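Asker: Listed here are the chains, written in short residue letters.
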Amino acid sequence: MILSDPVQALVSINLILTLSLLFPFVAGVWSLGLPGFMAVGAYTAAWCSTNMGLPITASLAIGVVASAAISIPFGLLALRIHGIYLAIATLAAAELITLFFSHFEPTGGVMGFAGIPYIDAYWAVIAAALMFLLSLLIYRSRFGKALFAVGSDPIVANCNGLNVPMLQMLALAIGAGLAGLAGGLFSHYYSFISPSNFQFSRTVDILLFLVAGGLTPLGSLVGSFTLTLVPQLSSALETWAPALYAVVVIVLMAFMPGGIFPKNRVAPLIAYIKSHRKPRDSVQSQRKPAAAPQLDVTKN
Amino acid sequence: MAFLQLNDISMEFSGIHALDGVKFAVRPGTVTSLIGPNGAGKTTLVNIITGVLKPTSGTLSFEGQPLDNATPRRIAKRGIRRTFQTVRLFPGLTVMENLIIGQYANQVSERPFASLLPFGWGDRKQRDAAQDVLQRFELDMHAGTVASELAYGTQRRVEIARALVGEPKLLILDEPAAGMNDVETAQLRRDIEAIRASGVTVFLIEHDMSLVMAVSDDIVVLDFGKQIAQGSPDEVSRNPEVIKSYLGAASCAPM
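As given, the protein sequences belong to chains H and R, one line each in that order.
First residue of the first sequence: 1391, per the numbering used here; consecutive thereafter.
First residue of the second sequence: 565, per the numbering used here; consecutive thereafter.
Please note: incorrect hints may appear among the correct ones.
Chain R is faced by these chain H residues, among others (derived, beta-carbon under 8 Å) [stated by the list, open to error]: (1) R1530; (2) F1538; (3) S1542; (4) L1552; (5) F1615; (6) T1616.
Counterexamples of contact, computed for chain H against chain R with all Cβ distances above 10 Å [claimed, not checked]: (7) R1470; (8) D1510; (9) L1527; (10) I1528; (11) V1554; (12) V1594; (13) L1634; (14) V1641; (15) M1643.
Read the hints as simulated data drawn from the structure, not as lab findings.
Note that the coordinates shown come from a computational prediction; the quantities given were computed from them, not determined experimentally.
Just so it is clear, CB atoms sit at the ideal spot from N, CA and C, and this is done for glycine as well.
Could you put the whole structure together from the sequences, leaning on the hints where they help?
Answerer: This is the structure in structure tokens:
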């Protein structure tokens, strides 16, 4: 592989984290509790594998369940407050979780939790690939469209018989589970975690990936990939590397305000490739353009 | 047993009586229209029937069962679907996906896990039903088009289609002809007649009097929140109070 092991792990974990923000956002739940969910997943999985001797896969799964469970109080919060106010409230709630782990001695407190069994980076890569496929499936399913509907107009969704609070809670739980998985992978890849790994700044990074990439699974993939790799590949620029990152972000936002993939453009991409594969068959391609705008939007 | 029965519905917004003792019934299998000048409380009444607003006083029942304190979701599941005065499709979704949302509630209660599959997988019946409605409304060529890119009149038809795929017993249309040209209104009239013929009761809120007179079995007239008349199109158009407050002498003449 071209990318080194640490970069592979970083890209994979960032992709899962970006997907974890995607589903709540699609359903209109502007929760920024990501570091909290990630911390719960990381500490739970680490505790299970280190102190209870469970296999790592089982530990990761328990971490996912634990963070999905911790999303329930966040979800109850989301039923009462909305938009930017929910973002601030969930931010504070996530800080509370980090604070808890800073003072919780059994997992090392501020000193951190060491000696967690190590896993190779390819675990993270496989997990990220699976989660990406799963996200694509969920996003394209009727359930995914229902989440989208709830996020875009909750009143109309409600008048169509959709259970808006339930769908929003589920979206949040899916997001929290993904963040928990990312946390579990994080703790096992680095073998060491401390509360300082789960700070607000991580949410900002991930939010940037999602906004730059676009609010779709494909956007999450592209956003997290490019923006994780830009600092890695531009390390030759030394002190100017962050400047390049900033320029990339500004250019992206200026020219693609909806993100790189505001819609899932897999289908039109395939259609485009197909239509250009046989350049000789010009008669057919001339007849086709009427169909193109329809293909463009089937998989938004 | 009345189909939809409203008993003395009153609604007060900070001291203003939007609705005052509205009382009428919708008979099953009919087209009942609600007319009245702007600000008469028509949309408020629709919002009360669909559970979006709670009336200050009064009761509602549907098929003999009370509708009071039911959420919009419950009311939708009991078979009352609506459109909105301003088109409210999910703009980012395609026409077909908008219809999926219309079907979603019924499907989830029948087959909860089928909703996790992409559209068309595992549930042929739902897909056929959606395509059937699309064909009836001549929307099949737009199935994959994002709703916000459609012409206004087409968006209106998609909204009616979305309400219909939910297999409602009562369909509430809130000013469906607003902003439509004559051709589109004529089309809408045929659509309403077809919906009625398929056994769905229609409750129509409308300003276009020629449309209302053509399709309605019963008409209810509201003025400043008060119900001033109810009856067949003939009776209502001859009612002096209706002529005075709404129709006006001139517009009444051609009827």
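Asker: Each of the hints needs a verdict: does it hold here or not?
Answerer: Here is what the structure says about each hint:
| no. | hint | verdict |
| --- | --- | --- |
| 1 | R1530 | holds, 5 Å |
| 2 | F1538 | holds, 6 Å |
| 3 | S1542 | holds, 5 Å |
| 4 | L1552 | holds, 6 Å |
| 5 | F1615 | violated, 24 Å |
| 6 | T1616 | violated, 24 Å |
| 7 | R1470 | holds, 16 Å |
| 8 | D1510 | holds, 31 Å |
| 9 | L1527 | violated, 7 Å |
| 10 | I1528 | violated, 7 Å |
| 11 | V1554 | violated, 7 Å |
| 12 | V1594 | holds, 26 Å |
| 13 | L1634 | holds, 33 Å |
| 14 | V1641 | holds, 25 Å |
| 15 | M1643 | holds, 20 Å |
Going down the numbered hints, you'll see the structure goes against 5, 6, 9, 10 and 11, while the others check out.
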